[in-house]
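> Listed below, chain by chain, are the residues.
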Amino acid sequence: AQTVTQSQPEMSVQEAETVTLSCTYDTSESDYYLFWYKQPPSRQMILVIRQEAYKQQNATENRFSVNFQKAAKSFSLKISDSQLGDAAMYFCAYRSTGTASKLTFGTGTRLQVTL
Amino acid sequence: NAGVTQTPKFQVLKTGQSMTLQCAQDMNHEYMSWYRQDPGMGLRLIHYSVGAGITDQGEVPNGYNVSRSTTEDFPLRLLSAAPSQTSVYFCASRLVGGSGANVLTFGAGSRLTVL
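Chains A and B, in that order, give the protein sequences.
First residue of the first sequence? That's 1 in our numbering, and the numbers climb one at a time after it.
First residue of the second sequence? That's 1 in our numbering, and the numbers climb one at a time after it.
Honestly, the hints are just simulated from the structure, not real lab data.
None of the values given here were measured: they were computed from a predicted structure.
Where is the CB? At the ideal position from N, CA and C, for every residue including glycine.
Take these hints with a grain of salt, some might be off.
Claimed, not checked - Here are some of the chain B residues that sit facing chain A, going by a computed Cβ distance under 8 Å:
hint, residue
1, M19
2, G42
3, A52
4, V60
5, V103
6, L104
Stated by the list, open to error - These stretches of chain A come out as covered by chain B in the derived footprint (C-beta under 8 Å, 3 or more residues):
hint, segment
7, 14-24
8, 69-81
9, 105-115
For reference, chain B alone in the conformation it holds in the complex:
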């Protein structure tokens, strides 16, 4: 299994440009999410989804859009990139339900720089 696959791994944008970070998982996980990691701030939740057609905002959603048309894919869109969006982005997924602490599985991360 590939697990959680994120592309691209690195991207440089100019202020005002748009782009999409791709995320795909092959584990049939219902829950998918996007986090950003900034120095000294840990990981903060941007958006999440509990299934196809269902998305919701996390702590820091401004400037980002998501959609969930299939169980496997959860792309993150930056509509008009700003330098404040320079960060490392992680996609993560997990199962929903069951009796245990379903673990969040992370992608390898995408480093985005906005000039």
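In isolation and in its complexed conformation, chain A is listed as follows:
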């Protein structure tokens, strides 16, 4: 079974600085999808960014980018120019390509943004 590991339960970053959240996963498959979700205090799950494993180019969405290292099974999230609104729980998730494939989540990293 696939597993997703987020080794940083909590992180802190100053406003306007850059922070990187770590994620590793375990799979024997060659094609799959990876996601980062944000969960603010409202508890709504919001997609931040997605990566398709067959694409070598790292995904980018505005201030959010990933460092996808397929051989190392690593998928870290970089947040640039951090804002107060970035404070939230961040979940890394994995899904294989099958029709009925489930999304497997890590345990999350709580990001605090300070002034």
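On the provided structure of chain A, position chain B as indicated by the hints.
Structure of chain B alone, referenced to chain A:
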């Protein structure tokens, strides 16, 4: 579009009571699923469905029932509530097929407390 709608948002039950969490989506998504979120454990899959009349178990199905009589609705039933079922529940849906990483869209969550 309303997206994924869950009701109720909050519920308090006594041990042994039954209840149904409702989930409806208006995006014509084939895949629907229920997750529970517990502190320090991320989100875990309870049950899922890939279409009307088709359901299957996830990681933590015990104590829960589901049915999928229409594409739009996927209710989660607690048959005899236990304190261990105190959690936040999320319904989520996505398209099946296509060439991309179909993203799981989440409802707003339902906080259930079992006394």
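> Run the structure past the numbered hints and jot down the numbers of the failing ones, going up.
Numbers 1, 3, 4, 7, 8, in rising order.
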